[in-house]
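K.L.:
Sequence:
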Amino acid sequence: MASQNPYVTYKRETKQLLHWIIASSNNIIALAAANFTDEDEPKTPNSTGQTTVSGLVSMAKLIAKYAARKPPASVYSLLRSVVQARTKAWAAYQSMSAASTDAELAKHNASHKHFIDSLNQIPLVNKFEVLGIDLPKEEAGDGEDSDGTANDEVKPELHRAPQRKQPRPGRGKKGKKRKNSKRKQAAVPVKEPDLADVPLESYKIIEDTEGIVTDYLLAIYALAKEWIDLRMFLQDVWRQVAYSDLDGAVAGTLSTLAVAMVKQAELAIFVDFPGHDSYETIMNTITRGDADKIEGNFSLSVIEFSPEWQRGKTVRETKMDVKEQILIHTYRALLDFVLDYQKNRSGAPTRAMMKEIRDWNPAFDLQRATESERLAWRRSFTINWLFDLVNLFSSIVTQKNTMKGQHWVYENVDWSPGGPWDKYRRLFGLTEFAGFVTSLAMQKPTTDVRHRICPHHVFQLQCIVDSLAVSRGWSCNFMRGHVLESPPRGFRPRRDVDLFLDRKTKNFGKGYLHGVSVLNHLLKRDAQLHGQPSRHTSKTELLESMQDDFVNWLGETKYMYGLTNIAPSRFINSNANGLWEHCPYLCGVGLMEGLELAYNSSVAVWDMIHEPMLCIHLHNMLVHKGYIENPVGLYMNLEQFFAADFFTDGQPPTSDFFEALQARMSKVSGRKTKREVMRAKEVIRQSHNIHEVLGSGARHFFKTKSHLDLYRQANWNPQRIPDVEIHPTSHLGLIRVCQTEQFIDPVTGKTRLIETDLIRRLKKMELGEEELLSMASLFAQTMTPKEISPDMLRSLHDGLTQITPSEWQSQISEKVGSADRPTKLSLSNKELLQFVQSDIFSDICGKQSLSSLSYNWAAAQMFSVFMQAEDELRKRRNPIWVRAYETDQQWATMKRVGLTYMIMIEEDDECLRVLADAFEKTRSGLMDHTYWELDLTDSAWDRSSSKAHKDGIPDIECTVM
Numbered sequence: 001m002a003s004q005n006p007y008v009t010y011k012r013e014t015k016q017l018l019h020w021i022i023a024s025s026n027n028i029i030a031l032a033a034a035n036f037t038d039e040d041e042p043k044t045p046n047s048t049g050q051t052t053v054s055g056l057v058s059m060a061k062l063i064a065k066y067a068a069r070k071p072p073a074s075v076y077s078l079l080r081s082v083v084q085a086r087t088k089a090w091a092a093y094q095s096m097s098a099a100s101t102d103a104e105l106a107k108h109n110a111s112h113k114h115f116i117d118s119l120n121q122i123p124l125v126n127k128f129e130v131l132g133i134d135l136p137k138e139e140a141g142d143g144e145d146s147d148g149t150a151n152d153e154v155k156p157e158l159h160r161a162p163q164r165k166q167p168r169p170g171r172g173k174k175g176k177k178r179k180n181s182k183r184k185q186a187a188v189p190v191k192e193p194d195l196a197d198v199p200l201e202s203y204k205i206i207e208d209t210e211g212i213v214t215d216y217l218l219a220i221y222a223l224a225k226e227w228i229d230l231r232m233f234l235q236d237v238w239r240q241v242a243y244s245d246l247d248g249a250v251a252g253t254l255s256t257l258a259v260a261m262v263k264q265a266e267l268a269i270f271v272d273f274p275g276h277d278s279y280e281t282i283m284n285t286i287t288r289g290d291a292d293k294i295e296g297n298f299s300l301s302v303i304e305f306s307p308e309w310q311r312g313k314t315v316r317e318t319k320m321d322v323k324e325q326i327l328i329h330t331y332r333a334l335l336d337f338v339l340d341y342q343k344n345r346s347g348a349p350t351r352a353m354m355k356e357i358r359d360w361n362p363a364f365d366l367q368r369a370t371e372s373e374r375l376a377w378r379r380s381f382t383i384n385w386l387f388d389l390v391n392l393f394s395s396i397v398t399q400k401n402t403m404k405g406q407h408w409v410y411e412n413v414d415w416s417p418g419g420p421w422d423k424y425r426r427l428f429g430l431t432e433f434a435g436f437v438t439s440l441a442m443q444k445p446t447t448d449v450r451h452r453i454c455p456h457h458v459f460q461l462q463c464i465v466d467s468l469a470v471s472r473g474w475s476c477n478f479m480r481g482h483v484l485e486s487p488p489r490g491f492r493p494r495r496d497v498d499l500f501l502d503r504k505t506k507n508f509g510k511g512y513l514h515g516v517s518v519l520n521h522l523l524k525r526d527a528q529l530h531g532q533p534s535r536h537t538s539k540t541e542l543l544e545s546m547q548d549d550f551v552n553w554l555g556e557t558k559y560m561y562g563l564t565n566i567a568p569s570r571f572i573n574s575n576a577n578g579l580w581e582h583c584p585y586l587c588g589v590g591l592m593e594g595l596e597l598a599y600n601s602s603v604a605v606w607d608m609i610h611e612p613m614l615c616i617h618l619h620n621m622l623v624h625k626g627y628i629e630n631p632v633g634l635y636m637n638l639e640q641f642f643a644a645d646f647f648t649d650g651q652p653p654t655s656d657f658f659e660a661l662q663a664r665m666s667k668v669s670g671r672k673t674k675r676e677v678m679r680a681k682e683v684i685r686q687s688h689n690i691h692e693v694l695g696s697g698a699r700h701f702f703k704t705k706s707h708l709d710l711y712r713q714a715n716w717n718p719q720r721i722p723d724v725e726i727h728p729t730s731h732l733g734l735i736r737v738c739q740t741e742q743f744i745d746p747v748t749g750k751t752r753l754i755e756t757d758l759i760r761r762l763k764k765m766e767l768g769e770e771e772l773l774s775m776a777s778l779f780a781q782t783m784t785p786k787e788i789s790p791d792m793l794r795s796l797h798d799g800l801t802q803i804t805p806s807e808w809q810s811q812i813s814e815k816v817g818s819a820d821r822p823t824k825l826s827l828s829n830k831e832l833l834q835f836v837q838s839d840i841f842s843d844i845c846g847k848q849s850l851s852s853l854s855y856n857w858a859a860a861q862m863f864s865v866f867m868q869a870e871d872e873l874r875k876r877r878n879p880i881w882v883r884a885y886e887t888d889q890q891w892a893t894m895k896r897v898g899l900t901y902m903i904m905i906e907e908d909d910e911c912l913r914v915l916a917d918a919f920e921k922t923r924s925g926l927m928d929h930t931y932w933e934l935d936l937t938d939s940a941w942d943r944s945s946s947k948a949h950k951d952g953i954p955d956i957e958c959t960v961m
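Here UniProt numbering is used: the first residue of the sequence shown is 1, the next is one more, and so on.
Do not take every clue at face value.
Said to hold, decoys possible - Label-pair ranges, simulated between beta-carbon atoms:
hint, residue 1, residue 2, range
1, Lys847, Asp359, 46 to 52 Å
2, Ala348, Ser924, 48 to 54 Å
3, Arg752, Gln50, 33 to 39 Å
It is worth saying that the hints were derived from the structure and are not from the lab.
Keep in mind that this is a model prediction, so the values were computed, not measured.
No residue lacks a Cβ here, since even glycine has one placed at the ideal position from N, Cα and C.
Can you build the whole structure from these sequences, using the hints too?
P.N.:
Below is the structure:
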């Protein structure tokens, strides 16, 4: 999945264009240099991959004069794309210089215009039209070769240089021996520089200082556009949380992914312009050091597109609120907080700051307020909230100094997640951000920290305060300014956190906290049954530790009751738990991490007990043998969720039930698995945090990962998730299919897909090559950067999950016909989030709800099945029960394993009926043990598009100028 950051795309396309022109020029020099005139330049091949603008034009002239074959259309597409990118930057320069008398700015502008004019010469001097090149249409996908095949890398096609004939091995003179090994060896000839040794990454246009500044401007504009787009998207997501009951963990996950995307975009700047990637530098570059003066020089255009039009039509244009969209208000609030906190590092604001922020009112009427009053209200909340965040996060070290007489130097403490204090839990979901802000606030007074604040830090803080503002009916639209509506009735940021924990046990069988208590009680009873008091100690300690952390630090903190020698909450007048109660973002990301840890800790316990594996195999056997007429919903869903974990081949057996169970249970005795166990222990030993300790790499049986797991392990970058980890019918899986490399089969001449793991798994689902190619074509032709249709997404996804391949092919043909022109899907980061939102929704509160199931309650149900069956079999003195529980010593430490094995081998009717009765008496469905009611209708699609057309203008693309 290639990056869609405009600056990264510009760099990649520039390198590809240079690669083609330089290689083609070198080929001409190698073959036709004898025919050159004095005017022909260059006369020597380029061996570095680097050239000036004038050198690039000279090579283009050479190709135009001596080319024997027409250039591919993709070369023109690359050239056009590069010129367009530079032209946009030049337009921005013009807008700034129009209101400025800065001579340096005018110099940059003139240099930039010269660069564009030089590039614009290339299609004219090359006479592409004369050579017969088929210029791509505006609507066509750029980067496609003239033969219609997808082609990411443009390869030179002109004048292949003749290769020097190499001596054949074994043809030299024989029989002569070396007379003296000490004789001086002949000098090794110095290898001439060869363009073939130059990687594509090294190709570049050598520019002067003005050119470098222009590239920097391209980079930061791309970054600013990224955070503007993502912020707009996330505001709508958080609005869904407040107004449409979207689960906060879904919004928290999408927000975390968006922050990671902004951080990834920063890397492009850091790599090319080290030392110029701080927010302060970027802001000053965009605003020329004066945000007030530059206000009004940036405009936004809304362009409506239609298939019948050659060009888009501008339907609205407005001046951009630079301070709001460049996040200057939030940055200044963060910086002012840090400088104020540094002055005494006591956790209390200075008198001047106290005067500004002390009267913050959560019930303030934003609809009646002026714009300046709303901004002041938001700033006051931001600073108050940051005081609480840092006071809570730093409390563990502060109390070591104030209560235990230790002498930790605050400015030298490592506050990062990987630091020595990370083992003390104080927060969920925002540990990294809290550690960063604390490290700034705890520096010595007047320490300048501006160079350490990156754009993703400011963007994340902006999303935090936006989540509150949106829940109070206020959002910021880059076209419409401040958008106001009535606040939602009864919304509480902690709504979903409270459902997850169920502190007051309002929903029996659902909440995490009570589930831990019940399961631990059953584990202790099992230890008594086997006469091993410490049998489950490690498991109960793990669950109790997780339970304590959730009670103390998720949704509520000890800080709300007051911490000794720590300044009280800044929200004490409205809600002492204001850190959580006033922040939907913290509740969302905190719940997200809580769900991850609940899943991994509970499944880790499953991995160490026998009941889940035995129960699922027994249920499957009883259903197939007719003892259970209607499958129990809970176990039927677990079979589907964990098919690869419960069954050796991922398919429930229909016969040979004992052999299937034995094959799965005996897996740990194999040599391969012993190596896995050793590797798992090493993973735990080297782990730096609880997520690594509880990860699936340390488990033997249950290795299925939730979507939250996949994203965290990929460092919240979906592009880094390997194909083998992706479910083939997930929306991320569909994206990967559509971005799979295609090639022409030399035998059949047909287009085919590279055989990736994902493609192989889809083919096992009886989807053929033609269906997959048609799907890729449909995506690329319909999923434009303007708007993604929820109905189209649902149709595509249902095509893979609910209908037969032939029906799927028929539906595709009705929409776009045959896949006669394969294309590759290209998505922006915002569009990628729109796709994966459905996967996240499904994982947390939808059809594939791995993260919303209370595995502790599910395990308790399994224990109940065995306990009821054991009681009945004991009363009847069933011979199998007697052997497993009393006489056969080989089962002394695994009584339920022995009982299950013997029942399956002997197929004792009495035992099977007793077990079936136990399953029936404890019958429950999946949603009896989920933290909240699941939404099985995919209404995430409808929510995600609820405000898409609020401006009344469909299919729009906004360009920042």
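K.L.:
For this structure, which hints from the list above don't hold up?
P.N.:
none
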